[in-house]
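Participant: Take a look at the letters that make up each chain.
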Amino acid sequence: MERIIFHIDCNKFYASVECLHRPEIRNKPVAVGGSEQSRHGIILTKNEIASKYDLKVGEPLWSARKKCPNLVIIPPNFPLYMRFSKEVRRILEDYTDIIEPFGIDESWIDVSAVAHLYGGAEKLANIIRERVKQELGITVSIGVSFNKIFAKLGSDYKKPDAVTVISKENFKEVVWPLPANDLLYIGPATYHTLQKHYRYTIGDVAQTDCQTLQKWLGKIGILLHSYANGYDLTPVCKSELMPNIKSISNSTTLPRDLKNFDEVKAVVFVLAESVGRRLREQGFKCSVVKIYLRDKDLSTVSTQKKLKYPTDITREISKTACSLFLNNYKFDKPIRSLGVSVTDFCAVDCPLQYDFFVDAQKKAKLETIDKTVDTLKKRYGNFALQSASLLKSVDITHFNPHDDHTIHPVGVLKGKI
Amino acid sequence: MCKKVYVEVFAKFEKDGNIIPISILWQDGTIYKLDKITNICVAASLKAGGSGIRYTCIIKGVQTYLFLEKDRWFVEAKESE
Numbered sequence: 001m002e003r004i005i006f007h008i009d010c011n012k013f014y015a016s017v018e019c020l021h022r023p024e025i026r027n028k029p030v031a032v033g034g035s036e037q038s039r040h041g042i043i044l045t046k047n048e049i050a051s052k053y054d055l056k057v058g059e060p061l062w063s064a065r066k067k068c069p070n071l072v073i074i075p076p077n078f079p080l081y082m083r084f085s086k087e088v089r090r091i092l093e094d095y096t097d098i099i100e101p102f103g104i105d106e107s108w109i110d111v112s113a114v115a116h117l118y119g120g121a122e123k124l125a126n127i128i129r130e131r132v133k134q135e136l137g138i139t140v141s142i143g144v145s146f147n148k149i150f151a152k153l154g155s156d157y158k159k160p161d162a163v164t165v166i167s168k169e170n171f172k173e174v175v176w177p178l179p180a181n182d183l184l185y186i187g188p189a190t191y192h193t194l195q196k197h198y199r200y201t202i203g204d205v206a207q208t209d210c211q212t213l214q215k216w217l218g219k220i221g222i223l224l225h226s227y228a229n230g231y232d233l234t235p236v237c238k239s240e241l242m243p244n245i246k247s248i249s250n251s252t253t254l255p256r257d258l259k260n261f262d263e264v265k266a267v268v269f270v271l272a273e274s275v276g277r278r279l280r281e282q283g284f285k286c287s288v289v290k291i292y293l294r295d296k297d298l299s300t301v302s303t304q305k306k307l308k309y310p311t312d313i314t315r316e317i318s319k320t321a322c323s324l325f326l327n328n329y330k331f332d333k334p335i336r337s338l339g340v341s342v343t344d345f346c347a348v349d350c351p352l353q354y355d356f357f358v359d360a361q362k363k364a365k366l367e368t369i370d371k372t373v374d375t376l377k378k379r380y381g382n383f384a385l386q387s388a389s390l391l392k393s394v395d396i397t398h399f400n401p402h403d404d405h406t407i408h409p410v411g412v413l414k415g416k417i
Numbered sequence: 001m002c003k004k005v006y007v008e009v010f011a012k013f014e015k016d017g018n019i020i021p022i023s024i025l026w027q028d029g030t031i032y033k034l035d036k037i038t039n040i041c042v043a044a045s046l047k048a049g050g051s052g053i054r055y056t057c058i059i060k061g062v063q064t065y066l067f068l069e070k071d072r073w074f075v076e077a078k079e080s081e
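So the protein lines, in turn, are chains A and B. Numbering-wise, the first sequence is residues 1 to 417 according to the working numbering. Numbering-wise, the second sequence is residues 1 to 81 according to the working numbering.
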């Protein structure tokens, strides 16, 4: 049986949700952007009207205002977007349980077994599109195809509020004339290489010999050849079957530059505390701690250390991160952004053999402290209990990475190519 | 043009979990009894800006939409009200 896969893309998601809730700005150019005061001032998304002014996602707000002086800028309301994301999923769940979310505003669903009950794939896609519009007041574009890659291309093909069918019969007419960089995994560098070899469209990629693509692009060449020809067989993966997380990280751009190690230490502690708490919630211990830092001129340093014993103790993660910082940064320039991340997980109950010099009792005590702090924070909120050392620099430490950053970037490939 | 007005609602919580509104307490203190509920569905309110469970009610012979948005109730009110 041929597979029927939909890719559902919420059009201009954050901006649409904001415009729904504020009828007075619906006819104005609107962008959702971070706070400029805390230096997160970039465009996260924009509505159709603002798109006409050539505003780009990721563009600083000052530059956006230059292009479009009457731009309405709205701070993001992530809990509201999460609610709408869940509502869209609720609608999809009426038709299938094979749902693979891709970020907050996109999903693939497999409706091979049920589409005929609704009069066919295209009809079902239109039912879903209409329901989202009617029940949630936002629009989606849906790509209907026999594989995930073409379904995604379909949802990009016609926007907003549209359904595009890419079948085995019409994909050569619909997909092949599109520019090659519309295909997943053809970024600027890959596109440049393809152009050097006079390959401009997806059709050009499809008709190039697989080995030749591999020679030009490496392993990804084979993958792109299969994507362009519609050979992709990757199943839609139910979210509960998604592979385990491989790393946990938190980072922040600070409201002002950090000028000394004491300030860095305080921010690192806040980040390590959140990373540690998330690690414990997942029931993992980590063996590698990484830090990421960016100075005021935006040059970036990233470095990591393998721990002798896996840990989930906040203080150990924080200490390791601080020592990484001291060993790798001379503080010739103030720091603008900082990040702490942990990888290389093992289960929390995995047996460990410490050497003679490890103070296991102290570790047990620290673990108990962490557990207690976690319980209190969960029950009474993140700021219910804080380390006294953070009170010295409230302006840079009063943020909540644990709850503020619940939207994580995702990749399509679930492992190596 | 409509505006979103949050209102207090007297409602019946049924055994099976359904919530059925009975009357609305308007801003000026008047209590309006819902004579009839003709439809219940999930819907967006483009006029007032929001979405939730929409109760189509008849109040004194006039059809009105009452929305339960997460855990708050609102109505689409005329701008002048």
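No lab work stands behind these hints, which were simulated from the structure alone. Yeah, the Cβ is synthetic: ideal placement off N, Cα and C, and Gly gets one too. Hints may contain errors.
Here are the simulated distance ranges between beta carbons [what the hints assert, rightly or not]:
(1) A/K123 / B/K15: 17 to 25 Å
(2) B/K36 / A/G381: 38 to 46 Å
(3) B/N39 / A/T372: 45 to 53 Å
Quick partial rundown of chain A residues pointing at chain B, CB under 10 Å, derived from the structure [what the hints assert, rightly or not]:
(4) E24
(5) R26
(6) I138
(7) T375
(8) R379
(9) F383
Participant: When the hints from earlier in the document are held up against this structure, which numbers fail?
Facilitator: 1, 7, 8, 9
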